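Peer 1: Chain by chain, the residues:
There are 4 protein chains.
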Amino acid sequence: MKTTILINCPDQSGIVCAVTGFIHAKGGNIIYLDQHVDKQADVFFMRLESDFNTDKFSMSVFKNEFETSLVLPYKMKWSLHTDDSTPTMALFVSKYDHCLYDLLSRHNSGELKIKIAFILSNHIDLKHIANQFEIPFHHIPVTKKTKAAAETKQLDLLKKNGVDFIVLARYMQIVSGTIIDNYSDKIINIHHSFLPAFAGAKPYHAAFKRGVKIIGATSHYVTEELDAGPIIEQDVTTVSHSHTIDDFIAKGRDLEKIVLSRAVKLHVLHKTMVYNNKTVIFS
Amino acid sequence: MKTTILINCPDQSGIVCAVTGFIHAKGGNIIYLDQHVDKQADVFFMRLESDFNTDKFSMSVFKNEFETSLVLPYKMKWSLHTDDSTPTMALFVSKYDHCLYDLLSRHNSGELKIKIAFILSNHIDLKHIANQFEIPFHHIPVTKKTKAAAETKQLDLLKKNGVDFIVLARYMQIVSGTIIDNYSDKIINIHHSFLPAFAGAKPYHAAFKRGVKIIGATSHYVTEELDAGPIIEQDVTTVSHSHTIDDFIAKGRDLEKIVLSRAVKLHVLHKTMVYNNKTVIFS
Amino acid sequence: MKTTILINCPDQSGIVCAVTGFIHAKGGNIIYLDQHVDKQADVFFMRLESDFNTDKFSMSVFKNEFETSLVLPYKMKWSLHTDDSTPTMALFVSKYDHCLYDLLSRHNSGELKIKIAFILSNHIDLKHIANQFEIPFHHIPVTKKTKAAAETKQLDLLKKNGVDFIVLARYMQIVSGTIIDNYSDKIINIHHSFLPAFAGAKPYHAAFKRGVKIIGATSHYVTEELDAGPIIEQDVTTVSHSHTIDDFIAKGRDLEKIVLSRAVKLHVLHKTMVYNNKTVIFS
Amino acid sequence: MKTTILINCPDQSGIVCAVTGFIHAKGGNIIYLDQHVDKQADVFFMRLESDFNTDKFSMSVFKNEFETSLVLPYKMKWSLHTDDSTPTMALFVSKYDHCLYDLLSRHNSGELKIKIAFILSNHIDLKHIANQFEIPFHHIPVTKKTKAAAETKQLDLLKKNGVDFIVLARYMQIVSGTIIDNYSDKIINIHHSFLPAFAGAKPYHAAFKRGVKIIGATSHYVTEELDAGPIIEQDVTTVSHSHTIDDFIAKGRDLEKIVLSRAVKLHVLHKTMVYNNKTVIFS
Chain A
1 MKTTILINCP
11 DQSGIVCAVT
21 GFIHAKGGNI
31 IYLDQHVDKQ
41 ADVFFMRLES
51 DFNTDKFSMS
61 VFKNEFETSL
71 VLPYKMKWSL
81 HTDDSTPTMA
91 LFVSKYDHCL
101 YDLLSRHNSG
111 ELKIKIAFIL
121 SNHIDLKHIA
131 NQFEIPFHHI
141 PVTKKTKAAA
151 ETKQLDLLKK
161 NGVDFIVLAR
171 YMQIVSGTII
181 DNYSDKIINI
191 HHSFLPAFAG
201 AKPYHAAFKR
211 GVKIIGATSH
221 YVTEELDAGP
231 IIEQDVTTVS
241 HSHTIDDFIA
251 KGRDLEKIVL
261 SRAVKLHVLH
271 KTMVYNNKTV
281 IFS
Chain B
1 MKTTILINCP
11 DQSGIVCAVT
21 GFIHAKGGNI
31 IYLDQHVDKQ
41 ADVFFMRLES
51 DFNTDKFSMS
61 VFKNEFETSL
71 VLPYKMKWSL
81 HTDDSTPTMA
91 LFVSKYDHCL
101 YDLLSRHNSG
111 ELKIKIAFIL
121 SNHIDLKHIA
131 NQFEIPFHHI
141 PVTKKTKAAA
151 ETKQLDLLKK
161 NGVDFIVLAR
171 YMQIVSGTII
181 DNYSDKIINI
191 HHSFLPAFAG
201 AKPYHAAFKR
211 GVKIIGATSH
221 YVTEELDAGP
231 IIEQDVTTVS
241 HSHTIDDFIA
251 KGRDLEKIVL
261 SRAVKLHVLH
271 KTMVYNNKTV
281 IFS
Chain C
1 MKTTILINCP
11 DQSGIVCAVT
21 GFIHAKGGNI
31 IYLDQHVDKQ
41 ADVFFMRLES
51 DFNTDKFSMS
61 VFKNEFETSL
71 VLPYKMKWSL
81 HTDDSTPTMA
91 LFVSKYDHCL
101 YDLLSRHNSG
111 ELKIKIAFIL
121 SNHIDLKHIA
131 NQFEIPFHHI
141 PVTKKTKAAA
151 ETKQLDLLKK
161 NGVDFIVLAR
171 YMQIVSGTII
181 DNYSDKIINI
191 HHSFLPAFAG
201 AKPYHAAFKR
211 GVKIIGATSH
221 YVTEELDAGP
231 IIEQDVTTVS
241 HSHTIDDFIA
251 KGRDLEKIVL
261 SRAVKLHVLH
271 KTMVYNNKTV
281 IFS
Chain D
1 MKTTILINCP
11 DQSGIVCAVT
21 GFIHAKGGNI
31 IYLDQHVDKQ
41 ADVFFMRLES
51 DFNTDKFSMS
61 VFKNEFETSL
71 VLPYKMKWSL
81 HTDDSTPTMA
91 LFVSKYDHCL
101 YDLLSRHNSG
111 ELKIKIAFIL
121 SNHIDLKHIA
131 NQFEIPFHHI
141 PVTKKTKAAA
151 ETKQLDLLKK
161 NGVDFIVLAR
171 YMQIVSGTII
181 DNYSDKIINI
191 HHSFLPAFAG
201 AKPYHAAFKR
211 GVKIIGATSH
221 YVTEELDAGP
231 IIEQDVTTVS
241 HSHTIDDFIA
251 KGRDLEKIVL
261 SRAVKLHVLH
271 KTMVYNNKTV
281 IFS
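Chains as they are written, first to last, in the numbering used here: chain A, 1 to 283; chain B, 1 to 283; chain C, 1 to 283; chain D, 1 to 283.
The following block holds chain A by itself, in its conformation from the complex (with noise of 0.2 Å):
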């Protein structure tokens, strides 16, 4: 069985040693070891991949001990993953479809080893995608007087569904604090801009006036503030004044797919850790 574990703590001497012993105390065989230490914020980060030989290991026991022997002497947030669980993801959209085709793609490919639940929208222009990639496709319309009730709508499905981490997927919507708070570090945004370069709406349109020589796209956990959340991933292409609004965005378009199918990829693989409104990305 292979374990993921993630942990983080204040930084102190002797923690690489001491898990790393626990590891192969626990008949673990250590396939991937990273670690990262914020000076500025004294913070220990690491990220561990390994091997046990299922037949003697007992998880409960295991979990037990790492607490005892790791997470309360050394203050650790720790979280552990085994490859026999697959992530459910819902994916909101509302008209644009390059993203949306590029994630159900690559899911087809055998690429994002995930769950799709749902895909969900205000509109229903992309519903012949979800027929024709045989996912369930829920129309929820969002108006000023029923974003309430919409809000309420959509957390009933993510609940009912198990849903894990949510994709937008260019969902052009404000998602509501409360589903923010019930996926904390869990939703993943793609935003057309370099952040924070041309945060909010018409992020091309405001790049084209500006005279930039170079457009971007970057992925990030939603937070209550508008594209200020943490950065996963960002990817950049170079444009001239010979191009224009359209070309930007078409331009615009293969980085989102991209950055975005990158972010989501980090995210099931465990490789992306929050703090400080920033993230650690292993490799």
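Fair warning: there could be bad hints in the mix.
Heads up, the list lumps identical chains together, so a pair's fine if it works in one copy or across two of them.
To be verified - Below, in silico cross-link-like pairs of lysine-lysine (DSS-like), each with a Cα-Cα straight-line distance of 27 Å or less:
| # | residue 1 | residue 2 |
| --- | --- | --- |
| 1 | Lys-39 | Lys-56 |
| 2 | Lys-147 | Lys-113 |
| 3 | Lys-2 | Lys-26 |
| 4 | Lys-95 | Lys-265 |
Read the hints as simulated data drawn from the structure, not as lab findings.
Bear in mind that the values here come from a model prediction, so they are computed numbers and not experimental data.
Using the hints, position chains B, C and D against chain A.
Peer 2: Below, chains B, C and D alone, put in the same frame as chain A:
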């Protein structure tokens, strides 16, 4: 003799034909032609390199006829540059030496066909580099009290030395409005961020705090508004959680050097045109 | 009506003027012009987009006069394309689905203005994707014995369906000389390396063995010599010692998709010209 | 005192714990740890930076116990570096000055913590730069006749000056096997192509002829086989049909400078390990 002609005017049908026909009729051989139409602003831009046989060629006659046949009817703004003149540059620096070393090395290597009139600084820290490359060095300290006097001295030096354009190679002072007025679209700055993100002071610190995954550098013409002038060139490089602010600064140095030198070359080769606070950059 | 004209001919003085003057005289409005002179080969290349008022416009008259006035005296090769025709593409695939998904998704999104006549494969593995996107699928297995017969079938299908150009979206067979002859500069391949490095089979394995720090993908027109045709588009991504061959393959998939789709778009928009086994790619 | 330890050995369970436990027991504080397992070759690699309180620390005791407790049982190859020693570099050049200017400028800026023993060249063209930066210059011409004698002179100079590693900053001669044997994995070359494409002479000409859309530069350790040693660093830049060979060369200069200086820094910071003609590059 090689000539480079830059034109912009309201977009109209038949301009390319009229201009190329004129050059052809005057015995010129077009060796490069690039044009751009800004559909939004309805403005036409052109850059044209031609070879003329100097035996039969009179520049004053050419200019007169160009004015009569083309500039007046098409309401052009135009400029003509010949390869027998070398533009004169002044370098403004403070304490960082990487852009200075880079530009001086390129000049010595023959990469930059310019005269360097002098290096001007508000500090004396880089005087030894000026000496090493045998370029005159002027130390003009700037304090709140002496600011006005310093600017007068600067302007005197610029005029006396026939300086055509100014390069701010990490000059840590704001250039006065008088100098900007005298050198409109002729002062090139390097800002150590991917503008418009992180304008102003300490951009690497701000980028670190925001947790971006990519940092950049931007070269632009200086206007009255800080870091808001027409962008000439930008480039970026990836960073991660594992990089400290010092790493950002170190990685940024290479970006700044490359981006500034590219912008200087584009300017010297008359490949930049400014309008609406943006640039057309010819290839 | 929008027309796109592609020209190449021996470089001579006055061509730009002659061509733009002709368009102007025929009532056309030039909306894009790009030209290139290969000084070594002494060849002139031009791409011209013009708008014509269709009321007064006769295509056959235009073509006749273009031939007489320009093609004959300047010894041009030329082609003219109008925006009222849609090119027909055939897709050849084997077992990898990422490029196929990408092109079909772009087609469905309206990004690619083409007809897809059919998907052809030597395997049946991807038939379900053809079904999903409602495109005809032809399974033509290829063995040493059946190779000649298979090629005849392929050619029949291409002709019967009026296919204009072929895209090899990770088709793992060598295309026959007969098909290449019938579709000269009209078969687009994606090779999963940064050509000319690692031509032939298993480029990711070869790249891994050599320990390169960057891998790439190359889209090119197919010629008789394997992986040696005119390059249309290339792109790269960084790798490190920490990546396995499987990581190379996974990272490469995204490159292949992007590079192939860019090449297909350039071809469809008539932005490619081939000469001396190289391409001119207009912007 | 800061120490950097590099280790490689057959992969075994418990190594990380053993090494970090040893450091911990000796009073060291681990400030950086990176490890890599090559699954194919079954080799474990580690880089470890630790801080020791020098009051109580004996280097010879530490080394002895490290050998006994770790090196012998785990069959390690290892090296230990302290920050109180500065490596000595020799620079070999011919006629191109851009890499030389770049490295000397970085050295003067304090970016490279090294001693530069001397600049050696088979030509006298760059002597003035050595003078400008006040570095000893040795002119050793190489002809077929004098090659053996020249190599002896070179080796004498290297030994007499206690040179630790050699940088070939566009040195246009093949380095002799004797020097390679004496400086195994300690001679850093810059090749002006994206290896393995275009190894050997005139790579920009070959790239131009092939019509590639991207050119590159590669820094590698020198081995007996030309341009085939372990790659340390690579980078690329885009080109197009509009670029001449001279444009390739000009664009390539910036690549070469950046790639070579990155490789030199990685080497000086002990971030490179060589095995199977490949490198592990620690972050």
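Peer 1: Which numbered hints are broken by the structure, listed smallest first?
Peer 2: Of the numbered hints given earlier, the structure breaks just one, which is hint 2.
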